[in-house]
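Undergrad: Protein sequences, first through last, are from chains A and B.
According to this note's numbering, the residues represented by the first sequence are 940 to 1326, in order.
According to this note's numbering, the residues represented by the second sequence are 940 to 1326, in order.
If you are wondering where the hints come from, they were derived from the structure by calculation, not from laboratory data.
Keep in mind that the hints are not guaranteed to be accurate.
All copies of an identical chain are treated as equivalent in the list; a pair is satisfied when it fits inside any one copy or across any two copies.
[Unchecked claim] Below are the DSSO-like pairs computed for lysine-lysine, each with C-alpha atoms no more than 30 Å apart in a straight line:
(1) Lys1244 x Lys1008
(2) Lys971 x Lys1067
(3) Lys963 x Lys1279
(4) Lys970 x Lys1244
(5) Lys963 x Lys950
(6) Lys1063 x Lys960
There are 2 protein chains.
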Amino acid sequence: MQPFVFNNPTKIVFGADMVAKVGKYAAPYGKKGLLVYGKQSIKNNGVYAKVTTALADSGVNWVEHGGVKSNPVLSHVYAGVELAKEQQVDMVIAVGGGSVLDEAKAIAAGALYSGDVWDFFCDKAWVKQALPLITVLTLAATGSEMNDGGVVTNEQTQQKFNIGSPNLFPKVSILDPTLTYTVPLDYTAYSAVDAISHLLEGYFTSADTATPLQDRFVEGLVQTIIESTDQIFAQPDHPDARATMMWAATWALNGLSTAGIGAYAFPNHMIEHSLSALYDVAHGAGLSIVMPAWMSYASERHPAKFAQFAQRVFGCSAANEQQLVEAGIAALKEWFIKIKSPVALSQVDVVPEDIPAIAANATMLAQKWGLKEYPAPVIEDILQCCR
Amino acid sequence: MQPFVFNNPTKIVFGADMVAKVGKYAAPYGKKGLLVYGKQSIKNNGVYAKVTTALADSGVNWVEHGGVKSNPVLSHVYAGVELAKEQQVDMVIAVGGGSVLDEAKAIAAGALYSGDVWDFFCDKAWVKQALPLITVLTLAATGSEMNDGGVVTNEQTQQKFNIGSPNLFPKVSILDPTLTYTVPLDYTAYSAVDAISHLLEGYFTSADTATPLQDRFVEGLVQTIIESTDQIFAQPDHPDARATMMWAATWALNGLSTAGIGAYAFPNHMIEHSLSALYDVAHGAGLSIVMPAWMSYASERHPAKFAQFAQRVFGCSAANEQQLVEAGIAALKEWFIKIKSPVALSQVDVVPEDIPAIAANATMLAQKWGLKEYPAPVIEDILQCCR
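This is chain A alone, in the form it adopts within the complex (with noise of 0.2 Å):
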């Protein structure tokens, strides 16, 4: 094990109905938020009004920044950052799924800050301060509800960048199952393999092997958000899997399984953000095309922890490691064409042609990230085995 520092200070509610509650878990952090959303579907699904009802009973008034577009774009946070700043607004209050509280970690930031808030995003300047966020989850996924980062994309400049600080922990987030219950079942799957690809990208890359506490983790979160997914499939108003699903994909991206792995990465998210800042192609489709052709390429570094893989998550048993490698990648794409999210660029209508250029933005991340195993070529290779 590595040395770390773990601390993570985000109050979960969680259960049926407990949305309720938002108003009450508001109140103490100020009178007045900016209440952050999507699309019109919380309105349609009788989210917006329990929210506000819940809001206006325990005296927290609001204005609204509606409107955000999965794979948030940086000119809306913009216009965010804008009205939090106009309206002097004492907290922010997020109601969707990732792409909304990313959005709205970054109007957060954005809104006790004097410069540009891609600033954050590219490292010019750290969030020393952010306005308290408060978040009610419709979609289990991205782990942001309980974590101090947030992807955004810069329309101008084609980046999907990442922002991150101890200060954009929400204060408090509502998870509440049974608003996951209408989530269709595309986003369901993009869902688990968005969580599924959180928890293997560290495992896989981990500088430390001697992790065994950590990889149990992984391997029981990895099962438990496939068995969950297939009972939601059987039945999508599952309340145990819908419920179980919830709380295993914050765990996926809270700071528990990485915590005393050393460095690792996340080379799979890396490629993933440049196909959707380039396409619209949905974060967890992306994951699912490049996922297995990435953990091939990863498998020559770590075998044994891709066969230890195989045999622990999906029950894999083989003649030798090498096989035992190729049956864990195999059964993990089996599965993900069994869920319905694609394993192939060109189900997501991108032509081999487009290769070159996807590679090129995917550089961007690599270079910021530090990535110097994944060189234009290699990202370029990967890609090849996706089409």
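Guided by the hints, dock chain B onto chain A, whose structure is given.
TA: Frame of chain A, contents of chain B only:
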């Protein structure tokens, strides 16, 4: 899954030689601490020198409150509270294992309370505030370094009772595994038993059985604790095994394994508390004596969970569920014997004639915790199986 609130704000600073950073992390909380520790061991093994040097280097002064016993006693807590008040310390700095940390929590609460600190243990008062607590862990076992509880024995009334409040989470806990390299093997074994007991009591008593994620967390933790303890027995200063054991014991009782499982209980701890309140038995030793018999009793209510435990943790197979249940309990008991943790009252010189008195004592705790399914005759029956 059941509704819950999860909020664990303790900052963990983990790694070899992190003890040298205690001053840096204590300084933001004030200029003067009450330094709580146990017997002479930290002076003999150099930990005292490392801690006090680090505090002095960061401008933190301290007054000393040494001499904490294992199974800490109320009279010593009173002395600590008096000293903390008299010296007007800004924080409590605990250096030791679970006993030292638990006593430090009681002192931190008592120092800001005008009444009798025992009120908190008898549920006559709530801990509304407490001095900030900084801990340096020297024995991985109780999880006190990342939770909000503690246990103290009132020698007058022979009650070993617990305290709990969100205000008792340590602000910062330094987890330096090198400080545990010299822990003797008997106490290493008792620590493993304690951590396993924390995990299995929730696992086997939870009201909700549809908690696959929590189950896998527990199973992975128990497997890892067993594996690491075996490695430590082969090489007491095994860096990875000591580090893994330290981190696993922390997660065995910090709220994660029980979040969402609904009502649960600690009946094995309940019975053991009476054993160590009445006799000078190490806590972990008492637990390994009671646990197999308690498990047999508890397995009648949840046989499927015991069968799952046997299969997943020990890889048992058997012709039917009952045989699996018994195989799992037997495997754990055999492992206790292997690591030389006692499995019979006779091994700690408790004679059968004492059993009624132990059971009578335990019923006080059964009442406090509301465990109606454990009247004195049931506890006696369990203890009779531990002779």
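Undergrad: Each hint: holds or not?
TA: Against the structure, the hints:
In this assembly of identical chains, Lys1244 and Lys1008 lie within 30 Å of each other by CA distance neither inside one copy nor across copies; the values are 37 Å within and 44 Å between. With identical chains, the CA atoms of Lys971 and Lys1067 are at most 30 Å apart both within one copy (22 Å) and between copies (28 Å). Within a single copy, Lys963 and Lys1279 get their C-alpha atoms no closer than 40 Å, and across copies no closer than 51 Å, so neither meets the 30 Å cut-off. Proximity of Lys970 and Lys1244 under a CA criterion of 30 Å is satisfied in neither setting, with 51 Å inside one chain copy and 48 Å between copies.
Taking CA atoms no more than 30 Å apart as the test, Lys963 paired with Lys950 passes in both settings, with 13 Å inside one copy and 26 Å between copies. In this homomeric assembly, Lys1063 and Lys960 come within 30 Å of each other (Cα to Cα) only across copies, at 29 Å, whereas the closest approach inside a single copy is 38 Å.
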